[in-house]
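Engineer: For chain A, the structure is supplied; the task is to place chain B on it using the hints.
Chains as they are written, first to last, in our numbering: chain A, 1 to 165; chain B, 1 to 279.
Hints are computed from structural coordinates only; laboratory data are not their basis.
Treat the hints loosely; a few may be bogus.
[Claimed, not checked] Restraint-style ranges between C-beta atoms, simulated for each label pair: (1) A:Ile115 / B:Asn101: 45 to 55 Å; (2) B:Phe60 / A:Ile115: 51 to 61 Å; (3) B:Arg267 / A:Phe85: 41 to 51 Å; (4) B:Arg158 / A:Gly93: 20 to 30 Å; (5) B:Gln191 / A:Ser121: 32 to 42 Å; (6) A:Ala5 / B:Gly3: 10 to 20 Å; (7) A:Val12 / B:Gly237: 42 to 52 Å.
Cβ coordinates follow ideal geometry from the N, Cα and C atoms, glycine included.
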Amino acid sequence: MLLFASIAVTAVLILLQSTVMHYIAICGVVPDLSLMAVVYLANQNGRLHGQSLGFAGGLIEDFLSLAPLGFHALLKTLIGYLAGFSRGVVFIGAFLMPMLMVGLAGIVKALAAGILAALFSLPLGSGGVFSWKTLIEIGYNIALSPVVFALLRLFPFLKPREFDR
Amino acid sequence: MRGKRFFAKHKPESLLFGYILFCLLALGFSTKNLILKPKELGLSVFALFQRGSSAVTSFFVETAGSIRVLGRLKQDYAAALERLEHYERIEKDLQHLEEENRSLKEVLAFSRGLEYRNIPARVIGKDPQNYHSTITVNKGSAAGIRKNMPVVAIQEGRQGLVGKVADVGLTASTIRPLQDPGSFVAARLLQSRYEGLVNGVGDDTILMRYVRRYVRANIRYGDLVVTSGMNSLFPPGIYIGSVKTIHARDYDTSLELEIEPIIDFARLEYVYILWSEEK
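Extracted from the complex, chain A is given alone in its bound form (with noise of 0.2 Å):
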């Protein structure tokens, strides 16, 4: 149950992305709000609960996107899987901890994203690894981890339980 919370949670963000956020993108970048979401709930759910909502996270993405199947899907398992990692280890306050934990997401995701574009020759634009729309959207991100984090926090269904021990 509560992954399909969570899930639901994510596809709203990923609707905001899609559409509203595009009114307030920075240089033509959009905040990955999905990635906040994934990692937050990672954080407070472990590994099983992160990549299995980064999974459906980014199949939605897939099927809203122009990226084959399976790209962003991939990612945001990866991101998901690794984050869980921080479960009982990293306690997340206000400020610093979420956007240290954004940034490295980002971080990750780039890299996984150009090796994901390699492998396959897919064709990602100025969006890949070396580009200032990388660095935009990290630092987009990063900016707007603790408000997301604060209004995650606000859900009552979101709250972690023993789910991955």
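Structural biologist: Same frame as chain A, now just chain B:
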């Protein structure tokens, strides 16, 4: 029994393996481009880092070059200011005419004014990520839309190419716009009639490639580029954009033209999906 115990003990890793396997297979099938050869694999991975180091080197080389160019630019700037005043006067007249034209087109209804049978659609979303330039519209197969149909839009009274239909759902479709790196359109320079291939590179930039080098003298900044109709996908004569920059590299046998699209993709609200046959 041992297998079950192993799975229970390593549940997250087993599931992760399953997810990754699914994604890789899906990517392989979607792109039809699964690389299994070790040489290509190594090249692909290491070339990525090579590109990074090359980008850093070019940055410094280009910076040094830019300083030299700056001096020359100062002189050009003064001359350009004079010309600008002249053009501003012309632009005011043009704006007046365009405004009049736009309002007239609205009265006539855009959809009926198009040369080809079309389905009007509204833009309902864009790519949730920054790696692609997807545009989602509110019409799908239920409205008769099929994959690869050309898409145009009208802005400031001018009709311009947006891209083509990439995927079709029942009530929504995704469009691959011109500036997407996976977009290729056979094009022609309107005045000189020379052909080339228009290709997006992301970042709102589109390039016209494979224009013969010897035609350089016949191309001017601002020349219009239209679809050539050489492939059956896009009907001929649809405006794509105008020439913004001309790159003629010493080592290259063809020219590369940077094109300013007719359509401002950031302001796109309505599009028209065309049937190839005329009305």
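Engineer: Each of the hints needs a verdict: does it hold here or not?
Structural biologist: Each hint tested on the structure:
1. A:Ile115 / B:Asn101: 45 to 55 Å: Given a distance of about 50 Å, which is inside 45 to 55 Å, the answer is holds.
2. B:Phe60 / A:Ile115: 51 to 61 Å: violated (26 Å)
3. B:Arg267 / A:Phe85: 41 to 51 Å: Since the Cβ atoms of Arg267 of chain B and Phe85 of chain A sit about 44 Å apart, the hinted range of 41 to 51 Å holds.
4. B:Arg158 / A:Gly93: 20 to 30 Å: violated (53 Å)
5. B:Gln191 / A:Ser121: 32 to 42 Å: holds (36 Å)
6. A:Ala5 / B:Gly3: 10 to 20 Å: violated (32 Å)
7. A:Val12 / B:Gly237: 42 to 52 Å: Holds: the Cβ-Cβ distance is about 43 Å, inside 42 to 52 Å.
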